[in-house]
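Chemist: With the hints as extra help, turn the sequences into a complete structure.
Quick mapping for you: the protein sequence lines, in order, are chains A and B. Using numbering that gives the first Met the number 0, the letters of the first sequence correspond one by one to residues 0 to 104. Using numbering that gives the first Met the number 0, the letters of the second sequence correspond one by one to residues 0 to 479.
Any given hint might turn out to be false.
[What the hints assert, rightly or not] Facing chain B, according to a computed beta carbon distance under 8 Å, are these residues of chain A, among others:
hint, residue
1, 24
2, 28
3, 52
4, 54
5, 55
6, 59
[As the list claims (entries may be wrong)] Away from chain A, derived, C-beta distances all over 10 Å, residues of chain B:
hint, residue
7, 143
8, 146
9, 204
10, 219
11, 284
12, 292
13, 382
14, 421
15, 422
16, 423
17, 450
18, 451
For the record, the hints were derived by calculation from the structure and aren't laboratory data. None of these values were measured; they are calculated from a predicted model. C-beta: ideal position from N, C-alpha, C; glycine also.
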Amino acid sequence: MLWLIVGILVGAGVLMAVQYSRREEVSVPWYSWLLGVVAVVFVLIGIEVFAGSMVESEPRAAWLGLAAFAVPGVIVGGLAVWLSGRRSGERDAGSPAGTVEHASA
Amino acid sequence: MATDERRAQKRGVSRRDFFRLTGGTAGVVAASAAISKGASSPAFAQGLDEAAQGANGGDSIHKRPWWVRTVDEPTTEIRWGEKERISEMTRTVRGPGLAGYVGEERVEQMGAISAENKLRRILDNEPGYGLRDWSLNAANGGTARVPMTFLPPREGIDTPESLGVPRWEGTPTENANMIRAALRHMGAATVGFVELDPDTTEKLIYSQDPDGKVLEFEDVDLGYETDDKRVIPLSARWVITYTVQMSEETMRLSPTPIGGQTTGICYARFTQIQAMLQRFLVGIGYEALGEASINALGISPAFGVLAGLGEMSRLNRMITPEFGPMVRVFKLVTDLPLEPTKPIDAGIMRFCETCKICAEECPSDSLSFEDEPFWETRGDWNEPGHKAWFEDSPSCMEYWRTGPGTNCGICFSVCPYAKKDETLVHGLVKATSATTGLFNGFFRSMDDAFGYGERDPAEWWSLDLPEYGIDTQRTATVQA
Numbered sequence: 000m001l002w003l004i005v006g007i008l009v010g011a012g013v014l015m016a017v018q019y020s021r022r023e024e025v026s027v028p029w030y031s032w033l034l035g036v037v038a039v040v041f042v043l044i045g046i047e048v049f050a051g052s053m054v055e056s057e058p059r060a061a062w063l064g065l066a067a068f069a070v071p072g073v074i075v076g077g078l079a080v081w082l083s084g085r086r087s088g089e090r091d092a093g094s095p096a097g098t099v100e101h102a103s104a
Numbered sequence: 000m001a002t003d004e005r006r007a008q009k010r011g012v013s014r015r016d017f018f019r020l021t022g023g024t025a026g027v028v029a030a031s032a033a034i035s036k037g038a039s040s041p042a043f044a045q046g047l048d049e050a051a052q053g054a055n056g057g058d059s060i061h062k063r064p065w066w067v068r069t070v071d072e073p074t075t076e077i078r079w080g081e082k083e084r085i086s087e088m089t090r091t092v093r094g095p096g097l098a099g100y101v102g103e104e105r106v107e108q109m110g111a112i113s114a115e116n117k118l119r120r121i122l123d124n125e126p127g128y129g130l131r132d133w134s135l136n137a138a139n140g141g142t143a144r145v146p147m148t149f150l151p152p153r154e155g156i157d158t159p160e161s162l163g164v165p166r167w168e169g170t171p172t173e174n175a176n177m178i179r180a181a182l183r184h185m186g187a188a189t190v191g192f193v194e195l196d197p198d199t200t201e202k203l204i205y206s207q208d209p210d211g212k213v214l215e216f217e218d219v220d221l222g223y224e225t226d227d228k229r230v231i232p233l234s235a236r237w238v239i240t241y242t243v244q245m246s247e248e249t250m251r252l253s254p255t256p257i258g259g260q261t262t263g264i265c266y267a268r269f270t271q272i273q274a275m276l277q278r279f280l281v282g283i284g285y286e287a288l289g290e291a292s293i294n295a296l297g298i299s300p301a302f303g304v305l306a307g308l309g310e311m312s313r314l315n316r317m318i319t320p321e322f323g324p325m326v327r328v329f330k331l332v333t334d335l336p337l338e339p340t341k342p343i344d345a346g347i348m349r350f351c352e353t354c355k356i357c358a359e360e361c362p363s364d365s366l367s368f369e370d371e372p373f374w375e376t377r378g379d380w381n382e383p384g385h386k387a388w389f390e391d392s393p394s395c396m397e398y399w400r401t402g403p404g405t406n407c408g409i410c411f412s413v414c415p416y417a418k419k420d421e422t423l424v425h426g427l428v429k430a431t432s433a434t435t436g437l438f439n440g441f442f443r444s445m446d447d448a449f450g451y452g453e454r455d456p457a458e459w460w461s462l463d464l465p466e467y468g469i470d471t472q473r474t475a476t477v478q479a
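Modeler: Spelled out as structure tokens, the structure:
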């Protein structure tokens, strides 16, 4: 059941990220996708270790495991978002699209 | 360093530990990469091949973890020429042998101290040492055992002879799988087979059982027993060796009677399993010579290691890939032809070289701190002829009797291999250790940081544990 819920949440998250990037015309570079996948894998491992360690009645191992895997996952995920945003910012600043947007305003 | 200091150092997670932990995540990823790299090597391919065949025998119905490799020689080096059959009664410290090392007077003193401590702790209602804890310990221990016999029942049981039918005949492989299926159903966890050879494996059969009866081989059709000896027919060439699980959750309460009772219930289950196995073998027309008492007939860890059930360790006991040290090992001699199973290399002995947690936690300093196993024994209680981390058995036994007053088990409970395997990290760590020893020091540090092994004895009575406190699904590929 846990993994069904996690699967639905991850699927919904990926769908929302794809839709957002299309709607906002954010160009996501390949390395951001890669980092995003790595981030998701790390967070999933963190959840797995947390859930498994709780079943083992090892709460300390559970929280440390979550921290050890999920924290790097969140950092890598943040890095992926930041790199995408920076690339989009560079593209907007250097492309004619910025001029069009300015003119229509 | 004193044991208490070591424990105190273990409990806190310093900032340094935490950064090692998070930084270690990269190490785990690197380990995965190492495994992936190893995956392309011929050795790995061979390992997978063996796993596909069942790491323990050509067509084994029981599958081992993929990282358990079968090998021709065990990871314990053996000099068969230096080995000879030993007396369980006089050489080991379990029975009267202890008096030979510490003196009769000291044994009596230990008994008095043990009784005094027990009474005081019951009256003080010390956690893990209360009346109910001792009572459960006693209930699951000696009094719960089915009588153990060397000879199987020859009458009052349907045999091919009494039914007038031919006895069961199968190939050694078919027979091995049949015994595995039967034993698993009777309550055993893992099963292996060793063929007796007069120059090698036969030396692992005791020369004398714990009760003083001599064990001999003779050219007779059936085994027999007299007042002073037990006879194994020369036709009985195969040893069935098997493990029975103990409860990890319960053993974590070592060294208390409530923790020790999982050992007792394991022995009680063994006595029933042995009686069933003997009846089964006689029922299909074969000999079934069992252990006449606990720790009789032969050296259990040695047979277990040769049969590939596990590897020797710093505990100087066998550690299994599936359950760590949380098993007891048993054996039975038969004339049913069985395909021998091969020893394994799962990186366990190599991990022990680095880990040393059992030696650090041992309250009687009985376990060795040497980096590598050695040939020289520490006393007559050790059996020579193989490389091991030999232990100081009399000091261990002295602690049992004058400390908790029951079997200790701390070394078993702190072992990093004693995990329940509910998270894939344990499997990843064991698989990495089986492939390379590079990360063993890091894994040991993380075992400390994660705080495994600590339990409150008072809470045991509130736990909703499974039957016998064990997970019987861990080595099964078919769900119950």
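Chemist: Confirm or reject each hint.
Modeler: Against the structure, the hints come out as follows:
{"no.": "1", "hint": "24", "verdict": "34 Å, violated"}
{"no.": "2", "hint": "28", "verdict": "22 Å, violated"}
{"no.": "3", "hint": "52", "verdict": "6 Å, holds"}
{"no.": "4", "hint": "54", "verdict": "4 Å, holds"}
{"no.": "5", "hint": "55", "verdict": "5 Å, holds"}
{"no.": "6", "hint": "59", "verdict": "4 Å, holds"}
{"no.": "7", "hint": "143", "verdict": "26 Å, holds"}
{"no.": "8", "hint": "146", "verdict": "37 Å, holds"}
{"no.": "9", "hint": "204", "verdict": "39 Å, holds"}
{"no.": "10", "hint": "219", "verdict": "51 Å, holds"}
{"no.": "11", "hint": "284", "verdict": "45 Å, holds"}
{"no.": "12", "hint": "292", "verdict": "35 Å, holds"}
{"no.": "13", "hint": "382", "verdict": "36 Å, holds"}
{"no.": "14", "hint": "421", "verdict": "4 Å, violated"}
{"no.": "15", "hint": "422", "verdict": "3 Å, violated"}
{"no.": "16", "hint": "423", "verdict": "6 Å, violated"}
{"no.": "17", "hint": "450", "verdict": "4 Å, violated"}
{"no.": "18", "hint": "451", "verdict": "6 Å, violated"}
The structure is inconsistent with the numbered hints 1, 2, 14, 15, 16, 17, 18, although it conforms to all the rest.
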